[in-house]
Every structure is written in C-alpha cells, then in structure tokens.
Amino acid sequence: MGELGRGRPGLVARWCLWRLPRRVLLVVLAVHIAAAGSVLGTAWLFPAHRHHWIIAAALVGLAAVHLEWSRRLGPPCPGERAVPYTDLKTVWNVAAVLLVPPPLAALVVVMTHAYGYLRVHRQDDRRAHRWVYTCSTVVLASQAAGLVLAMGTDTYPGIPGPGQFEAWLVVFAAVVVRWAVDYLLVVTVSALVRGSFAHVVTRMGEQVNEAAAGALAVVVAVLLENGYVVLLGCVYLVVGVLQQTSYYHHWKRERPFDPLTRVYSRASFIEQARRILARSETVGCLLLDLDYFKRINDTHGHNVGDQALVAVAEAIRQEVRKGRDVPARWGGEEFVVLVPEVTMDSLTRIAERVRLRVRATEVVYIRRDSAAEDTSTCTVRMTASIGVALRSAQDENLLDLVERADRLMYAAKAAGRDQVCSTLPPQRTSPVTDYAGDR
0 MGELGRGRPG LVARWCLWRL PRRVLLVVLA VHIAAAGSVL GTAWLFPAHR HHWIIAAALV
60 GLAAVHLEWS RRLGPPCPGE RAVPYTDLKT VWNVAAVLLV PPPLAALVVV MTHAYGYLRV
120 HRQDDRRAHR WVYTCSTVVL ASQAAGLVLA MGTDTYPGIP GPGQFEAWLV VFAAVVVRWA
180 VDYLLVVTVS ALVRGSFAHV VTRMGEQVNE AAAGALAVVV AVLLENGYVV LLGCVYLVVG
240 VLQQTSYYHH WKRERPFDPL TRVYSRASFI EQARRILARS ETVGCLLLDL DYFKRINDTH
300 GHNVGDQALV AVAEAIRQEV RKGRDVPARW GGEEFVVLVP EVTMDSLTRI AERVRLRVRA
360 TEVVYIRRDS AAEDTSTCTV RMTASIGVAL RSAQDENLLD LVERADRLMY AAKAAGRDQV
420 CSTLPPQRTS PVTDYAGDR
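Letter by letter, the sequence shown follows residues 0 to 438 of numbering that gives the first Met the number 0.
No lab work stands behind these hints: they were computed from the structure.
Mixed in with the good hints, there may be bad ones.
[Claimed, not checked] Label pairs and their computed distance ranges (CB to CB):
| no. | residue 1 | residue 2 | range |
| --- | --- | --- | --- |
| 1 | R49 | I365 | 32 to 38 Å |
| 2 | A35 | G330 | 45 to 51 Å |
| 3 | P46 | L230 | 27 to 33 Å |
Ideal placement from N, C-alpha and C gives every residue a C-beta, glycine not left out.
Take these sequences, add in the hints, and give me the full structure.
Shown next, in the form of structure tokens:
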C-alpha cells in the first residue's frame with residue numbers, strides 16, 4: 000500500500016465516472032450524447048405554449064410533493080434503510096410525455112431526477128454519475144415514446160378523446176416503448192459491470208410496480224387535461240401503496256446480503272450452508288482475512304477501509320463458482336466461502352485464485368490535505384490469508400468446519416501472511432496472543 004504520484008487533478012478529472020470500465024464508460028457517454036441530441040433535434044418540431052409550461056410546472060411540483068412524502072413513508076421494517084429500485088417518479092414523467100412537447104417533457108425528467116437525488120438519494124449514494132445516467136436513459140426513453148405518439152395520434156402533445164380507441168392503443172404502445180428503452184439501457188450497463196444478466200430476472204417483479212406507475216400516469220394525464228385537479232389526491236394514495244410495495248420488493252431482494260460488500264450476510268450464509276451440508280457429501284470452507292486491515296484504516300481512514308472490503312468481496316465473487324458456492328462476510332474483515340462438491344485439491348486451487356485476485360486488487364482514492372490545500376492520488380494494495388478446510392465427517396456441523404478453517408487461516412498468518420494454508424503445523428501458539436494487536 001502507499002501513494003502513487005502527487006498532483007492537482009481538476010474537478011472533472013476526479014469524477015468517479017472516469018473510473019468505470021472502458022466499455023461501460025463508452026455506453027454511458029453514448030447514452031448521454033443521444034439523450035442531448037434527441038432533445039435538441041425535437042426542440043424545433045413542437046413549440047411549447049403557455050399551457051404546456053403550466054402543466055410542466057404542475058408536474059414538477061406534484062413530483063416534489065410525492066418525493067417529500069416518500070421520504071416520510073420510509074421502508075416497511077424498522078431499522079432498514081432500503082432505497083427502492085423505483086421511487087415512482089414514472090407517474091409524473093410519463094404524464095409529461097403525454098401532455099407536453101418533448102423538450103418540456105425532458106425538462107420535467109431532469110428536474111424531478113435532480114430533486115429526487117438531492118433530497119432523497121444523495122445520503123445513500125454520492126455517485127452522482129449513476130443518477131445522471133438514469134436521468135439520460137429516461138430522457139431518451141421519453142423521446143422514443145414521444146416519437147410513437149407523434150406518429151400515431153393527432154392530439155399530441157395531449158391525450159386522445161374518449162372515443163378514439165386506436166389512438167389510445169398508440170398511447171399504450173408509447174408507454175410500453177418508454178419502459179422498454181429505459182429498462183434495457185439500465186440493465187445493459189448493469190450487466191456490463193456485473194458480467195452477467197442473471198440479476199435482470201430477479202428484478203422483474205419490481206417492474207409490476209413500474210407498469211402500475213405507467214398506468215397511473217395515464218390517469219394523471221386525463222385528470223390534468225380535463226381539469227380534475229382535486230382528484231389528484233386519490234392518485235397520491237395509490238402512489239403511497241405502490242411505494243410501500245416497492246420498498247418490500249427491495250427489502251426482500253436485499254435482505255440476505257451484507258449492506259456494504261453485497262456478499263451474503265452471516266445469518267443468510269448459515270441458513271444456506273446448513274441446507275448444503277445436509278445434501279452434499281463433500282463440502283469445503285474457505286476463511287479469508289484481510290492482512291493488516293487495521294493499518295489500512297489507521298493510515299487511510301475508515302472510508303477507504305470500507306472500499307477495500309468491497310473490493311475484496313468483488314475479488315471473491317469473481318473467483319468462486321456462481322450459483323454453487325456461497326460467499327459471505329463472516330465479520331469485520333473476515334470472509335467465508337462454502338464450496339460444495341469439491342476435493343481438497345480443487346478447494347486449494349480456488350483459494351489460491353482468490354488470494355492472487357485479492358493481491359492484484361487496488362483501491363485508488365484522492366487524498367486531500369486541507370492544511371496544504373493539496374491533493375494526491377493514493378493507491379492501497381491488499382493481501383489476504385486464507386484457511387482451507389474440507390468437512391472431515393458427515394456429522395461435522397457448520398461452526399466446527401468454519402472453526403477449523405479459522406485455525407488454518409491463523410496458521411497462514413503465522414507463516415508470513417498472503418498465503419493459503421490447508422494443514423496445521425505441528426505446534427502453534429494462541430492466535431489471540433499473536434494477532435490481537437494487528438492482523
């Protein structure tokens with residue numbers, strides 16, 4: 000660990016955006032350019048009149064009230080700080096697509112997303128580039144929906160009359176197109192980052208809420224178009240129900256995972272491990288401990304220490320078998336992996352791959368010296384000691400297996416750290432005596 004170079008990187012150069020993988024960065028920038036280009040390209044096609052501006056302002060105000068209300072609704076379980084996958088801004092953004100010209104609809108999207116980030120989400124996620132990208136996908140999706148409406152209806156911007164069945168089918172198609180474009184752009188980048196589309200299926204349940212929000216947006220458009228403003232209070236009640244449902248979907252999906260590292264929590268690991276031990280003949284266990292983690296915290300700060308834990312968890316995920324092995328955070332800087340149907344040789348090879356991946360992992364951050372008004376780019380490198388244990392008998396329980404792996408992990412530390420240990424040396428001192436100060 001240490002510092003690499005000193006300088007004064009500018010504000011733009013320090014953006015987290017530039018740390019994205021190259022192919023992800025290219026997709027993100029392409030979406031930003033396409034969104035901006037589509038708004039500029041349609042600005043002269045649909046002039047905005049005074050009543051359009053009034054509707055746009057009303058939708059932004061309604062969205063702000065909704066977002067403030069959603070902050071007070073909170074998640075369904077006390078102590079949970081879950082942020083839902085969708086905060087239902089869709090209700091107001093889709094209504095804007097139906098009622099105002101494309102440039103104004105884009106402005107509504109930008110303002111609602113900016114308000115949502117600044118007032119609701121910034122405390123949980125300071126990576127603003129993620130929210131800017133989400134805003135761009137919604138703008139681009141809204142432009143696509145506006146194109147469908149312009150080509151298929153005579154009333155755009157505005158909604159069809161009650162007897163125009165074909166025109167209402169076009170409205171339905173436009174709402175679907177908006178959802179599809181937005182969803183595909185979001186999950187594509189997510190899959191490029193994760194290296195898999197597997198998580199897309201797990202989130203489809205949440206899209207029921209998104210569909211309901213789209214339908215509710217049509218109701219909002221009808222109420223605003225016909226002046227039934229008082230009835231918008233009923234819309235807020237429905238939005239509240241959808242909001243709680245969205246919280247529930249998010250909580251149900253995130254509950255098994257450690258909130259920091261995104262691997263399984265200890266409780267979830269124990270629950271899954273007991274099922275695996277009951278049905279598998281051979282089960283291995285890796286126990287990994289980050290070397291000198293206290294030194295990382297003391298030298299670079301706890302925020303960097305958290306980033307190191309996240310990086311190590313990702314390194315473990317990259318090297319274990321997806322869908323079969325169970326990686327989890329055991330506690331502090333310790334991680335555990337349960338590996339079913341494995342031999343000792345294979346288990347040791349997996350542990351060695353994990354060790355090498357951790358050794359190649361770096362955490363880069365900008366250190367600011369307030370006294371000298373200077374900044375420097377720092378790089379933290381890590382190593383890990385890993386204990387490898389194979390269940391010795393069918394009746395050996397989980398905690399005994401993990402305890403053997405723990406003893407082997409301490410043996411790896413005693414042998415010099417940054418290594419894998421699968422057998423205990425003949426004699427060994429107490430781990431509490433050896434490593435109570437700095438592990």
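Worksheet item: Taking each numbered hint in turn, which are not upheld by the structure, reported in ascending numerical order?
Response: 1
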